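According to numbering that gives the first Met the number 0, the sequence shown is numbered sequentially starting from 0.
It is worth saying that the hints were derived from the structure and are not from the lab. The structure displayed is predicted, hence computed values, not measured ones. Where is the CB? At the ideal position from N, CA and C, for every residue including glycine. Warning: the hint list may mix true and false statements.
[Stated by the list, open to error] Pair ranges (Cβ atoms, derived):
(1) GLN34 to SER78: 50 to 56 Å
(2) ASP99 to PRO263: 24 to 30 Å
(3) HIS1 to GLY348: 18 to 24 Å
(4) GLN223 to SER68: 23 to 29 Å
(5) ARG228 to ALA351: 47 to 53 Å
(6) GLN34 to HIS1: 24 to 30 Å
(7) ALA102 to GLY213: 28 to 34 Å
[What the hints assert, rightly or not] Simulated crosslink set (DSSO-like; lysine-lysine; CA at most 27 Å straight-line):
(8) LYS61 to LYS349
(9) LYS159 to LYS349
(10) LYS349 to LYS127
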Amino acid sequence: MHFDIAIVGAGMAGASLAAELGTDMSILLLEAESQPGYHATGRSAAFWHETYGGPDVQPLSKASLAWLSNPPAELGVDSFLAPRGAITLCRSGERDRLDDFAASFAENGPNFEWLDRTGLDLHCPGLKPDWTLGLREPDCADIDVAGVHQAYLRLAARHKVALRCNAALLSAQRLGNGWRLATRNGDYSAGILVNAAGAWADEVATLAGVRPIGITLFRRTIVQLRFDRPIPRTLPLTIDVNGQFYFKSDGADGVWLSPHDETPSPPTDAAPEELDVAIAIDRLEHVVDWQVRQVTHKWAGLRSFAPDRLPVYGFDIDVPGFFWFAGQGGFGIQTAPAAAKIGASLLMGKSADPMVERVDAGRYAPGRFT
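Turn these sequences into a full structure, and let the hints guide you.
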């Protein structure tokens, strides 16, 4: 039961990396749950938004767009994206905040369109009077998250990746040039251990005798609502420039709404708190004149951030054979194709794939924390 590489975590990060490594190496993919994608991957708000995560994450999102919109032919999918559009809103007197937001992305030039109140009303009917200015990003799109994840898992299976579920890591011992791994589903050995454990990334590092990076976990709440009127299915992803909310059409007559909360949490099976649900609804009622009729669904997920809120890709500088692939915040879905390309090239010691050759992978290296 020896493998060249063992990847801990079969969510979007681990699945995409396993698939990208291809057939050049023997790969073991370990998943603690009974099915991959149970935690953060399965609880995404499901959008590709170029500016989400900030200017230092944008290169990863931008590089991933071509793969998501025009996947490799072997996957048999035309596209994982559907048009949505996004608008970042501000109130009267907050133009400087929106100017600063736009200026922070000037280097890579997203497709921005300024909207006055007339323009806002065309895209988001029912806004209250004090919301007067917006910055539209027409390229924003919904992502078929489950479709992307399953495509990566299928591709990994074709490449003979060995997936083991119910295989929580119990211990990882460095022996010679490799690792001895004990899991709840058997013992294995591997030359390289990849930490793609999401919210449990620091715990996996500790088990392996590696100094934790300091991954911080935040709970994010999503509420699905119905109102006193049908909501246009073309409603864009609508975001507050001050980071107090975002919402978008749920594809039917309601919306998915988040209060953009970041509540510190231990690694756990996250659940929504009633207070956060109430805060979300209260904030929405200060934005639109729609009357909430029903809360149809609510859920929460954990977002994991490194200290500088950028992802971490690369070999640990102190412990040989330990590879970080973690800290992917709330942007891990929309950056997965680029991240997997970068991770695979670093693991195999190959030059960067053309898709990411213009991305500075060094800015995401774990050595930046020493």
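Legend entry - Non-conforming hints, listed in increasing numerical order: 1 and 10
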